[in-house]
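Let chain A serve as the given structure and place chain B on it in line with the hints.
First to last, the protein sequences are chains A and B.
So our numbering is basically just the index in the first sequence, starting at one, shifted up by 6.
So our numbering is basically just the index in the second sequence, starting at one, shifted up by 29.
Calculated directly from the structure, the hints in this document are not laboratory data.
Idealized CB from N, CA, C, for every residue including glycine.
Some hints could be false.
Stretches of chain A that chain B covers, calculated by requiring three or more beta carbons in the stretch to come under 8 Å of a beta carbon on chain B [to be verified]:
no. : segment
1   : 183 to 192
2   : 283 to 295
3   : 311 to 322
4   : 326 to 335
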Amino acid sequence: MTQYVVRRLLLLVPTLLGILFVVFLALHLIPGDPATALLGQHATPQSIAAIRERLGLDKPLPVQFLYYLDAVAHLDFGDSIVTRTPVLVELGERLPVTVTLTVLSMFVAVVAGMTLGIAAAVRRASLVDYLGMSVALLGVSMPIFWLALLMIDYLAVQLHWFEPTGIASVQYLNAVPKVTNFFLIDSLLAGNTSAFWNGLWHMVMPSLALATIPMALIARITRSSMLEVLGNDYVRTAYAKGLPGRIVVWRHALKNALLPVITVIGLQFGSLLSGAVITESVFALPGLGRYIVTAIYNRDYPAVQGAVIVFAFLFVILNLLVDLLYTVVDPRIRYD
Amino acid sequence: MNPTTTTNTSDPTPAGPPAAPAGPAGAPAGRTPAQPDVLGGWTARLAAWGPPIRRLLRHRGALAGLVIVALFVGMAVFAPWLTHYDPRNGELADRLQPPSPAHILGTDYSGRDMFARLVYGARLSLEVGLITVGLALVAGTLWGAVAGYVGGWFDLFSMRVVDVMLAFPSLLLAILMIAILGPSLMNAMLAVGVVAIPNYVRLVRSVVLGVKEAEFVEAARAEGASHLAVLFRHVLPNAMAPVLVQATLGIATAILDTAGLSFLGLGADARTPEWGSMLAHSKEYFRSASWTMTYPGLAIMIVVLGFNLLGDGLRDALDPKLKR
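Bound-form chain A, shown alone (with noise of 0.2 Å):
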């Protein structure tokens, strides 16, 4: 096993080498100048060479790859041309509120989905079947920027069960001293529940735009994978001894046919990711999404390509874990 990991971190190493070098390749391929871009128009071609020099520019591509694979070593990402502060700073405020989300809906999607899977597959042509497969099916083929709007204008402005937008009330957002830039971390933290409920209470309608796609996939394929499971042999023994419905289903059946949902989970981390950008934007959380969007709205490229490398790395080590957890549900995979 430990074996398995260490493979599995050492071929991380290519893939992430891959994704700076597309970043980087990216950012080359962006017309114009950096230097320029850097002192505006009106610079003297004395500093621009004077700029080009200390970045790098006048050297060779390769050459330039590498003064950027150790800057990015030293999670040196630059300065964002906007607001001129260092653009690992800015990540590290929005990373946690895109991992908040993302982490959260995956719940959300993960539980509603697997319920409702298990719900229509024990009631198979039921109507929970029915019902249960239609919503999966109208939740994989939405478009969540208009379910958030639709979300927003009659669950917040009209019935004022949910706040509108953001990530807490700004009483509360103040109130709150800022430690690992989680805001439930930090609320919890410092001991303040009613802010740590006002946040929590934020993120319900983000989560739950957001899940709604993982949740119809996780439904429809934890029906199929139980109904397969369900005509087994072993099933219909346990039926037979007298268990409960209940236990069969969830200690009998469910364990053998978790394998294809995890793998289905596992896939939809990047749907996730991508979606956080759309959900972001429409609830005005400042997650990394709503970050890379503004940043290519003010051709504010460090942003851009810090965003960019965080949100892709991001994604590689959720995968990585998915797979380590197969080991942890299916012992009869071993990795050696």
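Just chain B now, with coordinates in the frame of chain A:
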């Protein structure tokens, strides 16, 4: 020729290297050794599509999807006959009118007829779906086929490139491309198309790896057929069924993603009757004019649903063994 054998049998015929996993639709396809090629094999090939088509037409979901897609395509094609309003320009005096006999779905914030914009939006979405998927399909199929067939360092290199592309969340890679190219609908389509390429590369490569060592391929080579002929006439047709499924589902994703990019302001501009951009620009008017936001969203959802239903149905019809 036995008509059932030409569809996807999940028998991998693994004489060559093991096939890579190829996504949900990617059962490696195998074809039984070819019969004497009387009419270039085309009649047999066409006849082989009979049973899957019959299965498709018996599939309730697929039928519903087919109806939705047909209506959508009809709307797109006959847009100028369905409305006489200009989808790009409106009368400011008519802004935010509720649905009425003159404007059956009302007007938007600059007085443009909502129905006209929806109908022309269908045209745009159809273009988006066809162009993005067409790009991904052609590029991905060729790339995957050559990588699988040639093997060696080219295959190795290709797979690393694909791995890196897949190491980005898809919408993010598209956004990175738009950051370089600049926001526009054309660039959004290009980005969504390029991002989808790896799916086809993997799918087609796995099919090619599965059949390239099969006897009928060897037979064709022995008869003196060139590599190109073998690849296109004997190997690639095996990838048709899974690629068709992938492409149908891909249209749904492409429409959804492009609308999402337009919604973020990274695709179509405000004048273009693009459904995602219509939503983005009408969100302030929801309280006073809910119709401006309801219909574009519904349109996206229904069309995406249609392609999803059709894609699922195609998968079941083409690959009975995968039926869920």
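Results for each hint:
| no. | hint | result |
| --- | --- | --- |
| 1 | 183 to 192 | violated (count 0) |
| 2 | 283 to 295 | holds (count 3) |
| 3 | 311 to 322 | holds (count 5) |
| 4 | 326 to 335 | violated (count 0) |
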